[in-house]
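Colleague: Chain by chain, the residues run as shown.
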Amino acid sequence: MEQRLSPPPKAATGRRWRLPHDWRSQSGMSIALWIGAFFMIVPFVWMLTTSLSRKADVSMPRTPSLWPPDPSLFNYKIATDNLPIIRLYLNSLIVVGATTAGYLFFCSLAGYAFAKGRFPFKSTLFVLFLATLFIPFETRMIPLYLFMGQIHLTNTYFALILPFLAGGFGTFLMRQTISGIPDELVDAARIDGASEFRIFWTIILPLCRPTLATLAIINVIWRWNDVLWPLLVTSDSSLYTVTQGLALEGHSQGTYTGVALATAVLAIGPVIVAYLFLQRYVIRSVVSSGVKG
Amino acid sequence: MTPESSSSSRDSGAIARLRRAFRGTLVWYGFVLPPLFLILVFIGYPTAIAFEQSVFTQVPGGGQKFAGTFHFERLVTDRVFWGALANTILLGVAFLVIIIPLATILASMLNRVRRGATPLKVIYFLPQLTSSVAIAIMFNYVFQPDWGLLNGALRALGVTHLPLWLADPRYDLTGSRAAATILAVWAGLGYFIIIVLAGLQSIPNDLFDAAAIDGASPLQSWWYVTLPSLKPTFIFLIITGSIDQLARFSDLWTLGGPGGSPARSLQSIVMYIFQQGFVGSDFSLAAAAAVVFFMIVLVVTTIAFWGFLRREFTAVR
Chain A
0 MEQRLSPPPK AATGRRWRLP HDWRSQSGMS IALWIGAFFM IVPFVWMLTT SLSRKADVSM
60 PRTPSLWPPD PSLFNYKIAT DNLPIIRLYL NSLIVVGATT AGYLFFCSLA GYAFAKGRFP
120 FKSTLFVLFL ATLFIPFETR MIPLYLFMGQ IHLTNTYFAL ILPFLAGGFG TFLMRQTISG
180 IPDELVDAAR IDGASEFRIF WTIILPLCRP TLATLAIINV IWRWNDVLWP LLVTSDSSLY
240 TVTQGLALEG HSQGTYTGVA LATAVLAIGP VIVAYLFLQR YVIRSVVSSG VKG
Chain E
0 MTPESSSSSR DSGAIARLRR AFRGTLVWYG FVLPPLFLIL VFIGYPTAIA FEQSVFTQVP
60 GGGQKFAGTF HFERLVTDRV FWGALANTIL LGVAFLVIII PLATILASML NRVRRGATPL
120 KVIYFLPQLT SSVAIAIMFN YVFQPDWGLL NGALRALGVT HLPLWLADPR YDLTGSRAAA
180 TILAVWAGLG YFIIIVLAGL QSIPNDLFDA AAIDGASPLQ SWWYVTLPSL KPTFIFLIIT
240 GSIDQLARFS DLWTLGGPGG SPARSLQSIV MYIFQQGFVG SDFSLAAAAA VVFFMIVLVV
300 TTIAFWGFLR REFTAVR
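Heads up: the protein sequence lines correspond to chains A and E, in order.
Heads up: the first sequence begins at 0 in numbering that gives the first Met the number 0, then just goes up one per residue.
Heads up: the second sequence begins at 0 in numbering that gives the first Met the number 0, then just goes up one per residue.
Bear in mind the hints are in silico, worked out from the structure with no lab data behind them.
One or more of the hints may lead you astray.
[As the list claims (entries may be wrong)] Taking CB as the label site, the calculated pair distances span:
{"#": "1", "chain 1": "A", "residue 1": "G179", "chain 2": "E", "residue 2": "P231", "range": "19 to 25 Å"}
{"#": "2", "chain 1": "E", "residue 1": "V278", "chain 2": "A", "residue 2": "S58", "range": "30 to 36 Å"}
{"#": "3", "chain 1": "E", "residue 1": "V278", "chain 2": "A", "residue 2": "A31", "range": "43 to 49 Å"}
{"#": "4", "chain 1": "A", "residue 1": "V57", "chain 2": "E", "residue 2": "G67", "range": "54 to 60 Å"}
{"#": "5", "chain 1": "A", "residue 1": "N154", "chain 2": "E", "residue 2": "F304", "range": "33 to 39 Å"}
{"#": "6", "chain 1": "E", "residue 1": "E72", "chain 2": "A", "residue 2": "G179", "range": "50 to 56 Å"}
{"#": "7", "chain 1": "E", "residue 1": "R154", "chain 2": "A", "residue 2": "S288", "range": "40 to 46 Å"}
{"#": "8", "chain 1": "E", "residue 1": "R154", "chain 2": "A", "residue 2": "R279", "range": "38 to 44 Å"}
{"#": "9", "chain 1": "A", "residue 1": "F157", "chain 2": "E", "residue 2": "I202", "range": "44 to 50 Å"}
{"#": "10", "chain 1": "E", "residue 1": "L25", "chain 2": "A", "residue 2": "S237", "range": "41 to 47 Å"}
{"#": "11", "chain 1": "E", "residue 1": "R16", "chain 2": "A", "residue 2": "L184", "range": "20 to 26 Å"}
{"#": "12", "chain 1": "A", "residue 1": "R197", "chain 2": "E", "residue 2": "M294", "range": "42 to 48 Å"}
{"#": "13", "chain 1": "E", "residue 1": "R16", "chain 2": "A", "residue 2": "G179", "range": "26 to 32 Å"}
Glycine included, each C-beta is placed from N, C-alpha and C at the ideal position.
Same shape as in the complex, but just chain A:
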C-alpha cells in the first residue's frame, strides 16, 4: 500500500479523497455549468416576461428586463381570441395519439413476425422495411401531398395520421427487442394452444414495455413538433395542430411582440410542464434509442 501511494501522489489520493484540489475543480465546474444553464433558461424567462407585458406590443424597453414592468394578461387574451388554442390542443392530441398508437401497433406486428416468424420472403421483406430508413420524408412529401389530394383526404385528420402509422425505424427497434425474448416462452404458449396473435398480445407486448415506451416518447416528440406535413395537407384552421397554428400565427403576429410570444408560451407551456414530470423517461428514451426527438 505504502509503495503504491508514494510514487504518484496525485493518483493515489485520487479524484475523491484529496479535498482542497477536488473542491476547487468541483466548484469551478459547477460555476461553468450553471453559467451555461443560465444562458439556456434566460430566453425562456425573457419570453415569459415579455408576453406578460402589455406595453410589449407598442414599445420594448431598450434594456431587456427579466420582470414585466406592467404585468397583465392582455396579450394572452388577444392570443386566445386569435387562435382557438383549446381546439389546437385537441387536434394535436388526436393526431399525436392516433399516430403513436398506430405506429406502436403496426411496428410491433411486423417486428414480431420478423423476430419469431418463419415464412417465405422474410428477409426480403425485412430489407424492404429497412430500406424505408433510407428515404427521407422530404423526398416524397410533394408526391404524398398530391396523392392525398387525389384520394380526397386533404384537410382531414386522416391526411395527418395515415402516412405515419408504420415505419422502418419502429419495426427495426421492435424486432431487436422481440428477438431478445427467449423462444421457449413463445413455444410454451404455443403448446398450450394459444394463437399467434394471442401470444403477441398477451406475452410479447407486455415484455416489450420499455421499448414501447421509448418508441412512444420519440414518436410523440416527432409528431407534436412536425410542422412541414401539416402545412402541406391542412389549410383549414379548424384542423391546425398546436405547432402549425403557432407557426402561422407567429408569422402574422410578427409586429405584435407580446401577442406572438404569448401564443408561443401557450403552445409550449403545457409540454414543458409535462416534461418536468416525465424528464427521466424522456431523457432515457432519447439515450437508449439514440434518436433526436
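Knowing the structure of chain A, use the given hints to seat chain E on it.
Modeller: Okay, now just chain E, sitting in the frame of chain A:
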C-alpha cells in the same frame, strides 16, 4: 400404446403438422401485410412518384411527357438551388463544428460534477422538448437589433456597434446565418450532451485508473483517454447530425418563410423543395430537387449503415 394406434396417430399427426405448418406460414403474413401495405402506399408509392416526376413534364390539362434530364438541367442552372444547397451545408457544418466540442466539454463536466447534475441535465435538455417553431419565434425577438435580448444585453455591457443579426444576409459572423447557427446550437445542445454523457459512462474505469497511476493530471487523462474513447460517439453524432441538418426546415421556415429571407440567406434545400412544389406548383423541378436531396442523404446514410447498423445486426444474429 398398441402399434396400430401409434401408427395412425403418427399419420394424422403428419397431416396435421403439414396443415399447421401451412397455417403457421399464413399467420405470419397476417402480421406483416398490414404494416407492409401502409409502407408501400405511404412511403414506397410517393417515393416512386418523386422519381417519376423528376423525368417527366406535366402537361396542362392532364397527362405527362418524358423529359429526360431536362428538369435536372434546370435544377443545376438554378442559382437559387445552389444557394439553398450551400446554405444547408454551411449551416450544417458550422453547427456540428461548434456543438460537438461544446457538448463534449459540458458533458465531461456534468459527468464529474457531484452536485446538481440532474437539474442541470433537465435544463440543458429543455429546448429539445420545445418545438423548433416556438424556438424560432422566440429567437426572432431575441435577435431583434434594437431591443432584442441579445443586443440589449450587449448594449448594457457597453458594446456600441450592435450587430443586425437576422436582418443582415451577408456571410459574416454576426449575420443571419450566424444567428440561425446560434439558435440551432442552443436548441440542440441538450441532445448532444445527453449522447456524449452516455458515451462517457461507457468508458471502462480501469483506463482512468491506469492513466492516474502513470501520473496523468485530470486534464491529461481527459485529453489522452476520454476523447479517444469517445470516437464512436463522435462518429455517431456527426452522421445523425448531418442527416438532421440536411433536412433542416421548420426553424428556418419560421424565421424567413419559404424563401428564407433576408435575401434567401436562410433558405435550406428542403425549403427549396417546399417552395418549388407547394408554393410554385412546379412539381417536376421539386421532384428533381427531391431526388438530388435523396442521393445526398443516401450517401450519408450508407456510411452510417456500414459503420453502425450492420454491426448491430451481426451482434443480434
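Colleague: Are the hints correct? Go through all of them and say.
Modeller: These are the hints, each one checked on the structure:
1. A:G179 with E:P231: 19 to 25 Å: The hinted range 19 to 25 Å holds for G179 of chain A and P231 of chain E, with Cβ atoms some 22 Å apart.
2. E:V278 with A:S58: 30 to 36 Å: 34 Å, holds
3. E:V278 with A:A31: 43 to 49 Å: 45 Å, holds
4. A:V57 with E:G67: 54 to 60 Å: Given about 58 Å between the Cβ atoms, the range holds.
5. A:N154 with E:F304: 33 to 39 Å: Given a distance of about 38 Å, which is inside 33 to 39 Å, the answer is holds.
6. E:E72 with A:G179: 50 to 56 Å: This hint holds: roughly 51 Å between Cβ atoms.
7. E:R154 with A:S288: 40 to 46 Å: Holds, since R154 of chain E and S288 of chain A (Cβ atoms, about 44 Å apart) stay within the stated range.
8. E:R154 with A:R279: 38 to 44 Å: 40 Å Cβ-Cβ, so the 38 to 44 Å window holds.
9. A:F157 with E:I202: 44 to 50 Å: 48 Å, holds
10. E:L25 with A:S237: 41 to 47 Å: 44 Å, holds
11. E:R16 with A:L184: 20 to 26 Å: 22 Å, holds
12. A:R197 with E:M294: 42 to 48 Å: About 45 Å separates the Cβ atoms of R197 of chain A and M294 of chain E, which means 42 to 48 Å holds.
13. E:R16 with A:G179: 26 to 32 Å: 29 Å, holds
The structure fails none of the hints (numbered hints given earlier).
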